[in-house]
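Visitor: Given chain A's structure and the hints, the job is docking chain B onto it.
Heads up: the sequence lines are chains A and B, in that order.
Using the working numbering, you'd call the opening residue of the first sequence number 107 and step up by one each time.
Using the working numbering, you'd call the opening residue of the second sequence number 107 and step up by one each time.
No lab work stands behind these hints: they were computed from the structure.
Any given hint might turn out to be false.
When chains are identical, the list treats them as one kind, so a pair holds in a single copy or across two.
Straight-line alpha carbon distances no greater than 20 Å define the calculated SDA-like cross-link-like pairs of lysine to any residue that follow [unchecked claim]:
| hint | residue 1 | residue 2 |
| --- | --- | --- |
| 1 | Lys-343 | Thr-374 |
| 2 | Lys-259 | Ser-323 |
| 3 | Lys-272 | Gln-370 |
| 4 | Lys-259 | Ile-334 |
| 5 | Lys-259 | Leu-373 |
| 6 | Lys-343 | Leu-373 |
| 7 | Lys-172 | Glu-341 |
| 8 | Lys-343 | Asp-127 |
Number of protein chains: 2
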Amino acid sequence: MNNKVKGNLIIIGGAEDKYGDRRILKETVLLSGGNDSIILIITVATEYQKEVGNEYIDIFDQLGVKDVKVLNINDRQDANKQKYADAIYNASCVFFTGGDQLRISSILGGTLADEALLRAYEDGLLIAGTSAGASAMSQTMIVSGEDDDSPRKCTLKMAPGLGLLKGAVIDQHFAQRGRIGRLLSAIAQNPYMLGIGIDEDTAIHVMPNGCFRVIGSGAVTVLDGIHIDYTNVSELKPDQPLALTNITLHILPASYGFDMNIRQPLLTYDTKQEETSIAHL
Amino acid sequence: MNNKVKGNLIIIGGAEDKYGDRRILKETVLLSGGNDSIILIITVATEYQKEVGNEYIDIFDQLGVKDVKVLNINDRQDANKQKYADAIYNASCVFFTGGDQLRISSILGGTLADEALLRAYEDGLLIAGTSAGASAMSQTMIVSGEDDDSPRKCTLKMAPGLGLLKGAVIDQHFAQRGRIGRLLSAIAQNPYMLGIGIDEDTAIHVMPNGCFRVIGSGAVTVLDGIHIDYTNVSELKPDQPLALTNITLHILPASYGFDMNIRQPLLTYDTKQEETSIAHL
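Just chain A, with the same shape it has in the complex (with noise of 0.2 Å):
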């Protein structure tokens, strides 16, 4: 993890709870600053801006946020504009709704947005994104692949990501659509990478520290490929299944936790206080 960084992140795998328990749209609130947050909804990822922007500013509106904006971002000249990285600038949170997360890193990457979107995450501002949001995230984040499939070579397309999550790769929707395949072969090309797979309404709070605690009525699942003694990756033609040996998966669901600087699960045990427990990671 970068030493410097003073942000949040929320990581989200998709298809959160917006009109029940709202946990983790609750939190993000929480975590932003409560009913005085100034939440700036990022909707670059989707081709319907106005329907997902006028959704999120309903569902925070109901949380009692009282400044809700939504920055829609078509294309690069919109992301280059001073105004809008000002916006970001000004925000407590920055939150990216799901579409295709390759709109997101091939509109924003090396925009004044983006820079923006850095320097206050390093300044302390909450990023959280959803799905595609979530996606972006990585450094080298998944762009496609297959479902429930086993893991293959070249079935996988990747490509760099906003890079605010070091040192892992973040995937989405993740149990519910049999991606476990598709994050294998990701880790395989570099087990240094963490595989962190995010089922949907559920997320990772990832703090400045480098741990990350769970929040949702999923699982998050982490392939950490670090002693992998063996693959094949590199012999196979395409589409052949991979070998890949020693993997460590760790099942973690709400209120467990996992520090990534040294690669462990954490046990917090006490879900009673999951919304407001951050200091007992």
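Guide: Just chain B now, with coordinates in the frame of chain A:
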């Protein structure tokens, strides 16, 4: 493993190739004795015994086996007929078709046919099974569970299986149906058990020495829970997602193997010799 056993198992993850390369079925014939095999197809798992039986008769005919019979066992009275038990003793290979694994165990369990299977296997019989016929090989078998879901408490149903494969729980259609969650739920309940998830058109050949090798076009996922250092499985309410830490995971495609005695993968490297090279393990 039981040191008395001289027989072999071929445990197939379902949907094995029947009209193309037929790698798994050819291997079954080879191990059974080639053209001189006496193959007995047991259709007890399915309610469509005639159709399924005829299909496999045609396939093994095409593969040059001179003596292929179907044993239509419909109920426990059938399963207690001495002539059926004798047919098992006389076969060189018994092949269990797919269907419902609970039909296999509830109709065969404790009958003369069941006893014949165990004894003949100890004496050297090759027993193959696909899909439901694969699941039923375990001592405690998976009956049903949620596909494409996180591991949760009580969503998995297990039952006593035929007990041919000791120390492991089998799951089939593994990657294709997103079943890692349910297999993790199974091993969480007793981490001594290896979890063996077999993809479609993929099989393990279990040898008398307690090793298996992989055959077919997909991969086998081995989940080893022996080093699990934490699980909350005994504390949860039904349907809550499990926490599990420090599971070891191996992905093994064709020509790789696993030594179940020492819980270690076997790397053969030599893919060209796959069809005949049993000795190299």
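Visitor: Now look at each hint and say whether the structure bears it out.
Guide: We went through each hint and held it up to the structure:
1. Lys-343 - Thr-374: between (44 Å within a copy, 18 Å between copies)
2. Lys-259 - Ser-323: between (32 Å within a copy, 13 Å between copies)
3. Lys-272 - Gln-370: For Lys-272 and Gln-370, only the intra-copy Cα distance (16 Å) is at most 20 Å; the inter-copy one is 32 Å.
4. Lys-259 - Ile-334: For Lys-259 and Ile-334, the Cα distance is within 20 Å only inside one copy (17 Å; across copies 29 Å).
5. Lys-259 - Leu-373: between (35 Å within a copy, 18 Å between copies)
6. Lys-343 - Leu-373: Answer is between: at 18 Å across copies they meet the 20 Å cutoff, but 41 Å inside does not.
7. Lys-172 - Glu-341: Answer is neither; intra-copy 56 Å and inter-copy 41 Å both fail.
8. Lys-343 - Asp-127: between (47 Å within a copy, 19 Å between copies)
Of the numbered hints listed earlier, the single one contradicted by the structure is hint 7.
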